[in-house]
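**Q** Residue-level listing of the chains:
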Amino acid sequence: MKNIIEIKGLNFKYNEKQIFKDLNLNIEEGTFTTIIGNNNSGKSTLVRILTGLEKSDSKIIIDDLILNEFNVKTIREKIGVIFENPDDNMIQDNVLDEIIFTLENMNLDKEKIKKRVDYVSTLLNIEKLLYRNVNQLSGGEKQLVLLASIIAVNTKIIILDDAFTMIDSLTKDKIYKILKKINKENKITIINITHDIEDSLFGDEIIVMNNGNIVIQENTKLFFNQEKLLKKLNIQIPFIVEVSQKLKYYNLVDNLVFDMDKLVNIIWK
Amino acid sequence: MEIVFDNVSYQNGDSYILKDINCKFENGKISAIIGPTGSGKTTLIKMINDLYKPTKGEIKIDNLNINENIDKFRHNIGFMFQFPEQQFFNKIVKEELEFNLKIFNYRINEIDKRVKDSLKMVGLNESYLNLNPLSLSNGDRRKIALASLLIYNPKIIILDEPTIGIDDSSKRNFIKLIKMLKNRYNKTIIIVSHDIELIHKLADNIIVLNEGNIVSYGNKYDVFKNGRQLKKYGLLQPKIILFSDKVYNKKNIKLGYRDEINDLIKDIYRNV
Chain A
1 MKNIIEIKGL NFKYNEKQIF KDLNLNIEEG TFTTIIGNNN SGKSTLVRIL TGLEKSDSKI
61 IIDDLILNEF NVKTIREKIG VIFENPDDNM IQDNVLDEII FTLENMNLDK EKIKKRVDYV
121 STLLNIEKLL YRNVNQLSGG EKQLVLLASI IAVNTKIIIL DDAFTMIDSL TKDKIYKILK
181 KINKENKITI INITHDIEDS LFGDEIIVMN NGNIVIQENT KLFFNQEKLL KKLNIQIPFI
241 VEVSQKLKYY NLVDNLVFDM DKLVNIIWK
Chain B
1 MEIVFDNVSY QNGDSYILKD INCKFENGKI SAIIGPTGSG KTTLIKMIND LYKPTKGEIK
61 IDNLNINENI DKFRHNIGFM FQFPEQQFFN KIVKEELEFN LKIFNYRINE IDKRVKDSLK
121 MVGLNESYLN LNPLSLSNGD RRKIALASLL IYNPKIIILD EPTIGIDDSS KRNFIKLIKM
181 LKNRYNKTII IVSHDIELIH KLADNIIVLN EGNIVSYGNK YDVFKNGRQL KKYGLLQPKI
241 ILFSDKVYNK KNIKLGYRDE INDLIKDIYR NV
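Those sequence lines, one after another, are chains A and B.
Numbered continuously in this note's numbering, the first sequence closes out at residue 269.
Numbered continuously in this note's numbering, the second sequence closes out at residue 272.
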């Protein structure tokens, strides 16, 4: 697979403060990557740069196009992004309009638009929200609507910047399963920035950022197998990883297990 | 201070946002309110702050009606909103923090010390004092919002989604801080959050809301043990509780409910 995102030697200052210094990053097409890192580590700024909201002079290639003023519009159409605060993302008054806004701008005919709206509203179970006013939605409902509108557009890349913080746990679990399916079946590249380490287990790759640097980029399971490194990074680890790490120490399991049912069956054969 | 909801309803036109709510928030206890989005959680806590008034029933703090006595209680209620930026209206952090102290007539020489102490409590240093609160990251905004209520030392602390956007180490710091406020200062603390793991670590009591009704209410283990019921309301059990339940359902071994992974490991070791 080719790299769908390539950043070469990115330098970036914000208000005189150096955020990135010579940052390099490649993301392969079709991967599901989780980005974690402390507050102010540069995660959200990176998203703003990739989507052309912040300008940099460094070389950034997205889906074979160099990110510059001529290409930025085309590149924006390849990326569906949800930012942290849902109110910053909403542009329409009504849920249905919010979902079809971009579809209409893509000059799709009515029939196709209807098909896509039907598809995402069933997929995310938001049929009953379609005719509501955006202002009457709760935070979590807004986040669901935003996800619906980017899935409807079917962009090659989806970037989620702490996008599900107000969604209840069961729905969040379902959303991740849907995203994983889209990722595998349609080869859509997903980048998920999150503060909830449990979410990282849905992805296949993990990136840890700190102070504007990429500390590590690795396969998620391999990453969680490096106990010493995890200790050094001082990050929270998912429940199932911590439990199996400790059971391994007591010789109750041989390897890390990432699935709770499997783990129970291994302990009590 | 103890807060009691006595048969409280809140109606918007014909529809009930909250219906016949009976519950109690005690001194020195952390109560959590959970439930699917749009279930009335935020409305419920905003009623404690007199932002919404009951259309039926009564809310009391230490046996006094809140709405009739709100001026008496105002300085004892600290409220952190879901979107802290909606509560900022000063240009720099220092002014934001001082604001409530000035309203509550604190002495000038005390103000400076409190400003510094409150920043320290939320893990920020003095370099933040002259920054614009709106220029900060979401996580830092939440910390400033928390500091701006801790600064006047209210007896009741209400937090709406306090940990959204804050990183691991800040979250651990937050958990320690809230536990200290409970244990050492006997505060009445109410948290609304979608983060079920956070609730499990902090809460003593839990209220589950669904479509404006209380559908489950009790100490955290009583509420969390009922996985099937929680699922009906879009909620998952905390991982450590779910694990014990799985072991019981699959292997018929009762491990009991634990708060710490280390205790769970010991239970497993004893039962293999």
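If you're looking for bench data, these hints aren't it; they were derived computationally from the structure.
Even glycine gets a Cβ: it sits at the ideal position worked out from N, Cα and C.
Treat the hints with care, since some could be wrong.
What the hints assert, rightly or not - Footprint (simulated), chain A over chain B, 3 or more residues, beta carbon under 8 Å: (1) 135 to 142; (2) 174 to 184; (3) 189 to 197; (4) 200 to 210; (5) 219 to 227.
As the list claims (entries may be wrong) - Dumping the calculated DSS-like pairs for lysine-lysine here, alpha-carbon to alpha-carbon at most 25 Å: (6) B:Lys266 x A:Lys174; (7) B:Lys231 x A:Lys177; (8) A:Lys180 x B:Lys266; (9) A:Lys246 x B:Lys182; (10) A:Lys13 x B:Lys91; (11) B:Lys246 x A:Lys246; (12) B:Lys225 x A:Lys174; (13) B:Lys19 x A:Lys128; (14) B:Lys91 x A:Lys174; (15) B:Lys231 x B:Lys250; (16) B:Lys201 x A:Lys231; (17) A:Lys262 x B:Lys266; (18) B:Lys91 x B:Lys176; (19) B:Lys250 x A:Lys269; (20) B:Lys266 x A:Lys228; (21) A:Lys128 x A:Lys177; (22) A:Lys8 x A:Lys21; (23) A:Lys231 x B:Lys225; (24) A:Lys231 x B:Lys266; (25) A:Lys246 x B:Lys251; (26) A:Lys17 x A:Lys59; (27) B:Lys91 x A:Lys221; (28) A:Lys177 x B:Lys232.
**Q** Confirm or reject each hint.
**A** Structure-based check of all given hints:
Look at the segment 135 to 142 of chain B against chain A: 5 of its residues bring a Cβ nearer than 8 Å to a Cβ of that chain, three or more, so the hint holds. With a cut-off of 8 Å between beta carbons, the segment 174 to 184 of chain B has 0 residues touching chain A; three or more are needed, and the interface restraint is violated. Three residues within the 8 Å Cβ limit are the bar, and the segment 189 to 197 of chain B against chain A gives 4, so the coverage statement holds. Residues of the segment 200 to 210 of chain B lying with their CB closer than 8 Å to a CB of chain A number 0, which falls below the three-residue condition for coverage.
Check result for the segment 219 to 227 of chain B against chain A: violated, 0 residues qualifying (beta carbon to beta carbon below 8 Å, three or more required). Between the alpha carbons of Lys266 of chain B and Lys174 of chain A the distance comes to roughly 32 Å, so the proposed pair goes past 25 Å and is violated. Between Lys231 of chain B and Lys177 of chain A, the direct Cα distance comes to roughly 16 Å. Compliance with the 25 Å bound is thereby established for this hinted pair. This hinted pair does not check out: Lys180 of chain A and Lys266 of chain B have alpha carbons roughly 35 Å apart, beyond 25 Å.
Only pairs whose Cα atoms come within 25 Å are accepted, and Lys246 of chain A paired with Lys182 of chain B is rejected, the gap being roughly 31 Å. This hinted pair checks out: Lys13 of chain A and Lys91 of chain B have alpha carbons roughly 23 Å apart, not beyond 25 Å. The suggested pairing of Lys246 of chain B with Lys246 of chain A holds, with an alpha-carbon distance near 19 Å, which does not exceed 25 Å. Restraint check: the Cα-Cα separation between Lys225 of chain B and Lys174 of chain A comes to about 21 Å, which is no more than 25 Å; the hinted pair holds.
A C-alpha spacing of about 22 Å is found between Lys19 of chain B and Lys128 of chain A, which places the hinted pair at or below 25 Å, so the restraint holds. For the suggested pair Lys91 of chain B and Lys174 of chain A, the alpha carbons sit about 41 Å apart, so the restraint of at most 25 Å is broken. Proximity of Lys231 of chain B to Lys250 of chain B is assessed by CA-CA distance (about 19 Å); at most 25 Å being required, the pair is judged to hold. Proximity of Lys201 of chain B to Lys231 of chain A is assessed by CA-CA distance (about 21 Å); at most 25 Å being required, the pair is judged to hold.
With a CA separation close to 19 Å, the supplied pair Lys262 of chain A and Lys266 of chain B stays within the 25 Å bound. Taking the CA atoms of Lys91 of chain B and Lys176 of chain B, the gap is about 30 Å. The hint is violated against a cut of 25 Å. Restraint check for Lys250 of chain B and Lys269 of chain A: the C-alpha separation of about 11 Å stays at or below 25 Å, so the hint holds. Proximity of Lys266 of chain B to Lys228 of chain A is assessed by CA-CA distance (about 23 Å); at most 25 Å being required, the pair is judged to hold.
Between Lys128 of chain A and Lys177 of chain A the alpha-carbon distance is near 22 Å, which keeps this suggested pair within the 25 Å criterion. A hinted pair counts as satisfied when its Cα atoms are at most 25 Å apart, and Lys8 of chain A with Lys21 of chain A qualifies at roughly 11 Å. Using a Cα cut-off of 25 Å, the hinted pair Lys231 of chain A and Lys225 of chain B is violated, with the two alpha carbons roughly 32 Å apart. Under the criterion of a C-alpha separation no larger than 25 Å, the hint pairing Lys231 of chain A with Lys266 of chain B is consistent with the structure, at around 22 Å.
For the hint linking Lys246 of chain A to Lys251 of chain B, the alpha-carbon distance of about 21 Å falls within 25 Å, and the restraint holds. In summary, the hint linking Lys17 of chain A to Lys59 of chain A is supported, as the alpha carbons are separated by about 20 Å, within the 25 Å threshold. The hinted pair formed by Lys91 of chain B and Lys221 of chain A fails the criterion: a straight-line CA distance of about 45 Å is larger than 25 Å. Straight-line distance between C-alpha atoms of Lys177 of chain A and Lys232 of chain B comes to about 19 Å, which keeps the hinted pair within the 25 Å bound.
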